[in-house]
Each structure stands twice: as C-alpha cells, then as structure tokens.
Amino acid sequence: MNTYPMLFLYTLSMACVTYLIRMLPFVLLRRPIRNRFIRSFLYYVPYAVLGAMTFPAILYATSGVLSAVIGLLTAVLLSFLGKGLLTVSISACAAVYAVEWVCTFF
Amino acid sequence: MSNTACECNASARACFLSGLRAGVPIGLGYLSVSFAFGITAVSRGIPSLIVMLISMTNLTSAGQLAGVELMVLGCSIGELLLSQCVINLRYALMGLSLAQKADPSVRLRDRFLIAFGITDEVFAVSVSQPGLVGRYYLFGLIAAPYLGWSVGTLLGTIAGDLLPQSVLSALGIAIYGMFVAIVIPPAKKSRAIAAVLAIAVGLSCAFRYLPYLKEVSSGFVIIVCALAAAVIGALAAPIDDSAAPLPEEEEVRK
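One line per chain: the protein sequences are A and B, in this order. Using numbering that gives the first Met the number 0, you'd call the opening residue of the first sequence number 0 and step up by one each time. Using numbering that gives the first Met the number 0, you'd call the opening residue of the second sequence number 0 and step up by one each time.
Please note that a few of the clues may not be correct.
[What the hints assert, rightly or not] Sample of chain B residues lacking proximity to chain A, with all beta carbon distances greater than 12 Å (derived):
id, residue
1, F138
2, L146
3, L153
[As the list claims (entries may be wrong)] Examples of chain B residues lying across from chain A (beta carbon under 10 Å, computed):
id, residue
4, Q99
5, I113
6, S125
7, V126
The set of hints was computed from the structure by calculation and includes no laboratory data. The model shown is predicted, which means the values in this text are computed figures rather than measured ones. Heads up, the beta-carbon is just placed ideally off N, CA and C, and yes, glycines get one too.
Turn these sequences into a full structure, and let the hints steer you where they fit.
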C-alpha cells in the first residue's frame, strides 16, 4: 500500500503546506502595523501561545507527574530570581533527573 | 546598522553566534522530542529515509506526528493537507508577529529562508529579545534547533535505546523550562501579561480536562487559547506605543 513514491508525495505535500503557512504572513506583511488593537493583540500572542503550550503539557513531559511538578517549581523559582534561559532549563532537567533517581529507591 | 536584540552592532559573526547561543537550549530540547518522533514513526512502519525527510522538511512536532498517523492510515492527500493547516495555523500568527519584530536588515530573500525555521520556540526566543532582531541573529537562532531536530530524528530511527530512559525523561522538560523562563520575567512586571498568561493556561487546562473539549486536537487547542487570551488582553489592556514601539521608531530612537 504505502510505496516509496506515495510516502514521498505525502511528505512533500506536508512540507509545502507547512512552509506556506509559515512563509506567507512573514513575507507579505512587511510594513509596520499601526492599528492599536492589532498591535496589542500581537503583543500578547506570544505569552498566550506559550502559556497554553506550557501548562498543563509540562506535567506530562517527563516519566511522572511528581518529577514534572518539581521541575516546574524549579523553573518558576529560578525565573522569578531572574536566571537566564539556559540556567532555568538545565536546572529543571537536573531537578527532574534527581527526583526520578531518588524515586528509584522507593 | 542593526543595533538590536543580540547587542551586536559589531559583526555579522557576533550576531550569528549570539543567535546560535540562544538556540542551543532549543536544539537540546528538540533532540529528545525528535528522537521520540523517530522511534514512533519507524515503529509505525515508515522507512528511516522518509522519516528523516519528514523531519528535515517539516520541522514541526505536532504536525509531523499527525502526518505520520494519517500516512499509516493511507488517507487522501487532501485530508493530510487540511490537518496540517489546522495544526500549523499558529505559525501564521507567529509569522505575523515576527514580521513586526524583524529589523530592516532582514531582506525579502532572507525572509523566505527564515520563514522555514519559524517554530514555537524560535518564535518565543525572538520575541523575548528587547528591540528588533536582525537576520544574522535569526540565522544563528535557527541553526541549532534545525540540527537538533534532524540529528534527534536520525538517532531515534537508528536506536531507541541509545540514551537511558532517565535522561530522556529529564530532557523532556527542557523546552518547557525555557518557556517558563521566557514568560515569568515580563509577567512579573506587567499585570496585563500575567492576566493573559493566566487566561491562556486556564483555557488550555479546560481543553485538557473537561469532557468534549478534550477531544479537540492539540494543534487547534493552541490556536483557540492563544486567540482568545490575546484578544481579551488587547481589548482589556491595549498597549500604549511605549510598550511595543514600531520598528521604524525603534530604529530612529537608537
């Protein structure tokens, strides 16, 4: 059923539509937007997107909810203290690793 | 020329390296995600070569995963395209927003190239930069994620047991840790941003846990939550011009 040419065609169509979605607004809209509502909307979009993508998905990003919660708390705490992206990210990973390592003893 | 986010009024090389540095955590995060994608796709019976081709031409997690599912089912091309449109529509929003963030050094032909690399994380890091971003910064920013995504997929297709599960699990939170680090500082300063975040998180929880709502596909959930929260924010607390200066004005001021 799924021959190489067919799979190739699937892949190519996926790639094309995904690229067009990314490219068209970015290439066509090159003049600054002056409308205050649209500018406000675009200003809030990143925070809205990131918020929606992070929670609750973060709770299921590791092997267990417990380690994920500890990782999340680590990240939130360090971000509040003004630490950078890499520090926060690696610390969260380390916290998850540590919690899951400790859990192996129980 | 581009006295912008990367604080590199110096060389193209410095800008590129600055972007590259910012992209490394994204690339590391992608390693584990694309690794998982590689394993999943191969286990569904897609040949390694095609799996690699999918990752290297699509560069999107949710879309690729849905695409593989549909391929295995042998669905029509039309259905595949429609599903990709819905799942990836958020990139159109991001492209729109990023178009406002690119400085004049980003030429038309650069845009065709950079557009390929717009992902959730690349977008998030770009817009978290103060001021505008230049083309070399963007090229650098995209490099590590693309490499991470490709290499991760390759490793995933080669062997599922290359990294111990404990390390994979810990790496799984890397991307989210970065998101947290991006949104918390501005949310601390602005109650409006904090409110928009809270609304988005609340809606996203509703789509995850409430009956009926949880049937909605994840790509679509992000669109709905982001649109709703950002519209509420824009209506309730429209920004004044000092919050997000127009690119030209920014350029003039510096």
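Hints, verified against the model:
1. A cut-off of 12 Å between C-beta atoms confirms that F138 (chain B) is not in contact with chain A; the least separation is 14 Å.
2. Every C-beta of chain A lies more than 12 Å from that of L146 (chain B), the closest at about 17 Å, which supports listing it as non-interface.
3. Remark: the non-interface label on L153 (chain B) is consistent with the geometry, its nearest Cβ contact in chain A lying 16 Å away (cut-off 12 Å).
4. A distance limit of 10 Å between C-beta atoms decides the matter here; for Q99 (chain B) the minimum to chain A is near 6 Å, and the interface restraint holds.
5. Hint status for I113 (chain B): holds, given a least beta-carbon distance of 7 Å to chain A, under 10 Å.
6. The interface hint given for S125 (chain B) is met, as the beta carbon of that residue sits about 9 Å from the closest beta carbon of chain A, less than 10 Å.
7. The criterion of a C-beta within 10 Å of any C-beta in chain A is met by V126 (chain B), whose closest approach is roughly 5 Å, and the hint holds.
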